[in-house]
Each structure stands twice: as C-alpha cells, then as structure tokens.
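Undergrad: Each chain, letter by letter, is given below.
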Amino acid sequence: MTIREKGYANWEGETTASPFRWLPIFLTGVRSVFRKKFSKLLFSLTISPFLVFLIAIYVTTKPELKILAGLIKQLKSDAMIFQSFYTNEFLVFMLVVVSIFSGADLISADLRFKALPLYFSRPLSKADYLAGKMTVILFYLLLFTLIPGLLLLVFKIVFTGRMAVSFSLLAAIAIFPIIVALFFGSLTLALSILSANSKLIKILIFLVYIFSDNIARVLKNIFHNDLFYLFSIPKNVYQLGAFLFRTGEKWNYPPGYSALLMAVLTLVFISLLYQKIRKAEASA
Amino acid sequence: MNILMDKEIIYLEDVSFRYGDVQAIDHVSLKLEPGIYGLLGPNGAGKTTLMKILLGFLRPQNGKGVILGHDLALQHKQIRAGIGYMPESDCLIPGMDAVSLTSYLGQLSGMPRQESIKRAHDVLYYVGLEESRYRQAETYSSGMKQRLKLAQALVHDPRLLLLDEPTSGMDPGGRREMLELIKDISRKGTMNIIISSHLLPDIETTCQQVLIMNRGRIVAQERIHGLNREQFNSFEVQITGNLESFLRELREHDCLMEENEKGYYRIRLPLTMTARFLFQTAYRIKAQIRYFKKSQSTLEDAFMKAIGEDG
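Protein sequences appear in the order of chains A and B.
The opening position of the first sequence corresponds to residue 3 in the numbering used here, with each subsequent residue numbered one higher.
The opening position of the second sequence corresponds to residue 38 in the numbering used here, with each subsequent residue numbered one higher.
Okay, chain B solo, but in the shape it has when bound:
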C-alpha cells in the first residue's frame, strides 16, 4: 500500500489499541501534512502509545495507516528507516562513547560504516557534544544524554523525527538550546517533526500545529498561530473588595479563572462576552478592579478548552 498522497506524512484511519481493559487509543483518525507538530495531553492520554504505534512497536487492533508512504501494518522496516526517534527514557548502549554509539545506530539504520562515523561527528558537534564525544555515554549528565539522544535520532537524516519529551531533565540554558536546535532543524524544511511534551511553552515556541489528546482520542488539532484569536477573551485582573462573589458570578457564566503568583487573576471569558461584562459585574457586586490588562490567548487556553469540552 505504497500509495499515500505525497502530501501526507502520516495517515491514520480509525486506529484503536487496548492494553487489556484499557482503551489506550480510541478510533483515532489523523492526516498530517509535512510540518512540525506538538502532541499534547494529560498523563495517560495515549501520546506515548500513539508514538509506539507510529514506530511499529505496537500493532493496532483496529484501523489502518500509512506512514511516510508505507503501510503501518506491513512495512515496519521501511517506516523505521525514515524515522528518527528520541525516546523519553534515559537510554543508551553500554560500553560506548558518543561517537561509537551514534555511528553504530547509523549503521543499524543502513548507513555505510565510514559515512556513519563522519556523520556521527557532525551531529554530535551540532548538538553541542563536540568536547565530550569520546567520553563513555554512561558518564554523561542527563542534559548531555538528551543531546546524545537527539544526535542518534538525527544521524541518518530521517524524514520524520519523533521527539518524546526532548527537554526532560535539562537545565533552563540547555532547554533553551534544545528548543533552538529543534527550531533550526525545522527551519531547514526537509524534516517533519512530532514533539510529545507536557511543557506547553516548548510546544508553543517550536511547533506550527498542535494535536491535543485525551482518553486515547485526538480532541483537537489546531494551528499555533490561530490560537490567539479563537479560544477565549482573556484578561489579567486584580480584584479587591468582594472577591468571592465576583468569582462566583463569573463561574456561573462559564468563565475560567486562575490565580497567578502575583495574586492577579487570569480570566478567560467565552468569545461572546467582552471586558464590559467584567466591569458590570464588579460594579454590581461592589468589587473593585485595580489592575486590568488584556492578555493573549495561548496554547494553554486551547488545551484547557479541548480537554474541558471532552469532559
């Protein structure tokens, strides 16, 4: 079934997977065109299971799919040849330095030995491990292991890069660099990327589109740039006076609220309501709005809306 329209890198139709009684993936249908995607969802939403299905680690009990033009059920090797996978767990091959490990995995992907060694040096330099590339991988810090995992995923220059929690265990500087690397790879435009992360800012800064999963289903697929205008009217306010009544009143009108560390409230009004509603409510119940600022709708809004609508 080497048939798929060239435009789509991933096509899933009605794919389901169960672990015993638990429905991990529930009739997922998906069409992804080339690009960089974020995969979001609460714990147990099915993100990792979906990645394992894409890699052929798990066989779906229902449905069909085509990845990079190859049949999901029959052509695992061809699919994997085109994928670079950066697992979430701290994994490495024992007894090897970074060059040997990266080159070894390149050879397992079908690269000639000499080419794989040369390319290993290049990608290790690219991810910032040039100084320590001859050190045993077991001695690396968790941030360095993350970089090494990215290097091994890039060594054979795959068409599709699957990154599972790429900034996990990294310090802020390392995290920023990792996100820069991902953005740089995507800028080149030759590689499609799917990032699974629970860190919304990571997805927001690197991805063009986001897929939100909940209870084994894709509950939303949105363009990141479109999020600013579509979800809510969001405001940041400081309230004094009759705070409890003010919040209760908003809750009754299906508004979402959360308090930040400064004691301000982030209030999300449904799109049908404007700021005027906030001032009218405050006036009616004798509360005072001491600070008011319109804030941009974010990925977090989209995430909350999608999960909320899904129940």
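Bound-form chain A, shown alone:
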C-alpha cells in the first residue's frame, strides 16, 4: 500500500546533529560543478602546468641532459621550482577562471531562485552555509594547486631517490595554495552574494582580476613606486610565493606585505560575507 493511499506516514528514523552539517552542500556543489558543460576542458587546461613542471623536475634531476642546461640553471633550487609552479601567470589566471566556474553562481543562484529560506529553515547556521559553499571553491582550487604541488614533491623524491626535503619547503608547498584558495574563494563568494545575476558576477570577478593588475601598472609607472603593485592580484600572488618560498623579492618592497594584505583581505571578505548572509537570512 502506498503512502498516499494509506495517508501520511511518519518517518521512523532519527536525525543526527552532526558538526559537518555543511557536508551535503559541499558534496552537491562539487558534483554540480563537475557536471557543468566544458568542465573537463577547463580542468585539462588547468592541470597542464603540472605536466610541464613534472617534466622540468625530471630534467633538473638529469644534469646529463645538456640540451636543457638553460632550464636547469633557471630552476636552480627546489624552492624556485615550486614557487615558479605556483605563481606562474598561466596557473594563476586559470585559478581565477576555476573560481568563476565553480563559485560565481554558488550564492547568486540561491538568491535568484530564493533558496535561502529553504536552507535557513534547516538546522544550519550561517557559518555552515558559507562553509558548504566555500569548500566547493576550495576543493577545485586545491585540486589544481595543492595536489599537483604535493605530487611534484613526490615525483622529485622518486626521480632523485633522496628524501631531502626541508620542513620549510614542505610547509610552503602546503600553505601557499591554502592561502591563495582562501583568498580567491572568499573574493568569489563576497562578489557572488552581491547580485542574483550570475553572469554579472562572473564578469565582475574577471574585471577585478584584470583591472587590479592594470591599475597597479599604471600607478607604478606614474609614481615610479613598486608599492603600487600591492593593488595587483597576480603580483600579490607572486610576492606571496616569494615570501613563503624565500626566493627573494622581485620588486622593491618586502614580499611579506603581500602576504599580510592577502590575509587581511581574506578576513575582510569573509566578514562582509557573514554580514551579508545575516541580512539575507533576516529578509528570507
């Protein structure tokens, strides 16, 4: 006998109060991003720097390959190799594209379809909701930074046959992608909550990335002061790499400034997000 014929039937099970209430949001978000059109193409492009650096690491362990001596000279230390991998312009640009692809509509689509009352009528806090959304972006950003970074390290050990990895290098390999992912993730969500129009948000994130760099260049050229590069997202990412891998500053200011700025901006974005979501909950 079906439920409709016999009337309303109670559910016999028990709900649980898990500390990971955000997990279904994360899993559903990851699945929905993966099912998007062009996701495989985008992910293939984003993984390509890993393949290039895998070859580079192999080459650096083979000094007998004289034909590639120039490259070996450039990648003179392990720190330089990993910093170059993490901060190369193509990868940073692709991380912005991945942020847009995976996160631009995470909140704006919920606003467009008025889904917030459905979320907040569940035993979910605002932090749970934001954690669920944020972890979707973090997953994809770390998939193309932290995981390849650790794999490169493993391959390097395999190619050289030595476990010669300093703790500071290991820490930098792990921390750099986390800071960058948190920065791009919080920026993406902070912009995603501004409008129910996802296309607008995608354009906005892209413009923020492009204009931050262009404005920084213009100001630097006008005032001849490298500090204006603090306005540039890609240059701050580079400087963060220089700071964590201790490869020396490329421009005439301490790379720690960029690390500090990115950390502060991440906190500001998260705080703005939290305030916005509080307002959205009240008006849900």
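None of these hints come from the bench; they were simulated from the model.
Please note that a few of the clues may not be correct.
[As the list claims (entries may be wrong)] Cβ pair distances, simulated, as ranges: (1) A:Asn227 x B:Asn99: 53 to 63 Å; (2) B:Gly210 x A:Phe36: 32 to 42 Å; (3) A:Lys116 x B:Glu45: 41 to 51 Å; (4) B:Lys155 x A:Thr63: 47 to 57 Å; (5) B:Asn99 x A:Glu91: 54 to 64 Å; (6) B:Arg172 x A:Ile224: 50 to 60 Å; (7) A:Thr18 x B:Ser126: 22 to 32 Å; (8) A:Lys39 x B:Ser126: 23 to 33 Å; (9) A:Lys39 x B:Tyr171: 12 to 22 Å; (10) A:Val210 x B:Gly81: 18 to 28 Å; (11) A:Ala265 x B:Lys155: 38 to 48 Å.
Think of the CB as a built atom: it goes at the ideal place given N, C-alpha and C, for glycine as much as any other residue.
Starting from the known structure of chain A, arrange chain B on it as the hints suggest.
TA: Structure of chain B alone, referenced to chain A:
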C-alpha cells in the same frame, strides 16, 4: 532553558520586534498546545514576521520564548531541526530534480543520505508529484512548486509544520487537494501545524483554532467550532422599498452589513439583538423583507469583529 511544559509547542512571552520605526511585533504573548492553527490578519499585521521569529530568522528585541522545548534565543538549530517550513515565495534550489532537492534538504536536516532519498520518493508520491519527480524543479508549474515545497517541509517528519500561504497560485482542484493533504497530515495527530493564509475558507476547513493578528498583536485566539455561536446573530435578507433608510437605521445600531453578488444583504446583529429587530425596523420605515434566512456565523465574522474591536 529546555523546560517547557510538554503540552505547549510554542510559548512566547512579551515578544517584540521592530523594523526601524515600524513595530512589526508588539509585545506578543502566546501559548499554543499541540494542534492545527490558522494565522490570520490583514497585510502588514505581522504574520510573516512572527513566522520568521519562530524560525529564528529574526531575533526579537524584547521578550523570550520556547519552541518545541528549546530556547528561542539560544537554540535555533534545535528548533529548526523540529520544524518543517513551507515558504510563501516561489523558492527552489537550482539545477535539481524534485527527488534530489527533497533528499538534499532532508540531509541538511540531519537525515542519513539513503534514508533521505527513500523518504523523498515517499513524500513526493504523497503530495502527488510521483510522475514528475525526476523533472527539473525549475520547469514546474506554480501548483507543482507548491506541492514540492510541502514535500520538502515534510521530508524529515517535523514536529511542527509552518505553512505560509500553502494554496497560493493553485487552481481550485489543486487547492482542494492541498487542503486535503493538510487535513490528512493533521488527522495523524503527530504533527502540529500553523497555517498563515489570507484565505479564510482555507483556515476554516483545515484548522482547529485561529489566531488573528493586527498591527503586530494577537487580537484574538478562537476555536473554529466555537465561532458559530459566539460572534454575531447573522442573517441573509433581501430588501425592497426604502433600502437606504433601512441600512442607515441598522448602522446606527452597530450592525454590520455587506451585499453579496445576488443583491442580498448579509446582516450581522450584535448578540443582544434578534431577528425581531430587523422586522420591526422594516415595518417602521416601510421597507419590505422579501427573503430572510438565518446564516451561520463564520470565521469571517470573528475576523471582522477582532479587527474592528482593535480599531
């Protein structure tokens, strides 16, 4: 403060909420025992704000409360775990079919994944969406979206169901089915229901009690069955002749009147007056009563009386 007497599902004491200068909820005190309640009131009366306070979307600036045995100020998650909410607005989660959406929201309520999927099928069948449960929710008609919203509110089998305008946007057949579903759920007796609606017949046919709100206050709390005898002496009459004078005379004696589509008048006399007053008045001013029928007092009478007394 997990203290409340088991009997009460909602206990509010002196709860107030302001939106800037607007007093949306004005020192509301309320004790609701298990049952099915209708929440009535004109636009801006504070019904939606009250629902948002019960769900913890809004924090009252004054007063305290206990919902399902949990402190309103401190235990939002526990309260929400026991509530199923069907919002008024057309809301859904994009990119999902009905099964995925219902099961997803079940998981967010703390149900195990497999259980939530099985239960999603059951409740979608129950609300009449069995045929279209694998269709994207965005493609649903407004009536189907209403059913889906009811399904997602039921998936975790809550103790308290809050329904905000549950028949909004539904055709007459769909509306009748929705009201049948609500009555069926309430018959089971395990779920308490609060229905906010501006459609008085919906409340009348489904609820045991009605709460009438006006200007942020609860101005009346009545049993639906008690309404028939308590509010007015109501009659339906057809008048010919000196109609204007007849109506003026009644108005002077605090009677309420309204004309229906057939040209008959529904006249509500204060309880101290009987039909004899109508005939005496008609005789005195030379009007004729061509049709006369005693009508039952309804929820509408109670609503008008409560709002009228509140000014």
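Undergrad: Confirm or reject each hint.
TA: So, going through the hints one by one against the coordinates:
1. Separation of Asn227 of chain A from Asn99 of chain B is about 55 Å and conforms to the stated range, judged on CB atoms against 53 to 63 Å.
2. Between Gly210 of chain B and Phe36 of chain A the CB atoms are about 41 Å apart, so this pair conforms to the stated range of 32 to 42 Å.
3. A beta carbon spacing of about 32 Å between Lys116 of chain A and Glu45 of chain B contradicts the range 41 to 51 Å that was offered as a hint.
4. Taking 47 to 57 Å as the suggested C-beta distance range, the pair Lys155 of chain B and Thr63 of chain A conforms, at roughly 55 Å.
5. For Asn99 of chain B and Glu91 of chain A, the Cβ-Cβ distance of about 57 Å falls inside the hinted range of 54 to 64 Å, so the restraint holds.
6. Separated by about 58 Å at the C-beta atoms, Arg172 of chain B and Ile224 of chain A satisfy the suggested range of 50 to 60 Å.
7. Remark: the range hint 22 to 32 Å for Thr18 of chain A to Ser126 of chain B is upheld by a beta-carbon distance near 29 Å.
8. Separation of Lys39 of chain A from Ser126 of chain B is about 29 Å and conforms to the stated range, judged on CB atoms against 23 to 33 Å.
9. Range check, Lys39 of chain A to Tyr171 of chain B: about 20 Å between beta-carbon atoms, so the 12 to 22 Å window is met.
10. For the hinted restraint 18 to 28 Å between Val210 of chain A and Gly81 of chain B, the CB-CB distance of approximately 40 Å leaves it violated.
11. Between Ala265 of chain A and Lys155 of chain B the beta carbon distance is about 46 Å. The supplied range of 38 to 48 Å therefore holds.
The structure shown violates the earlier hints numbered 3 and 10.
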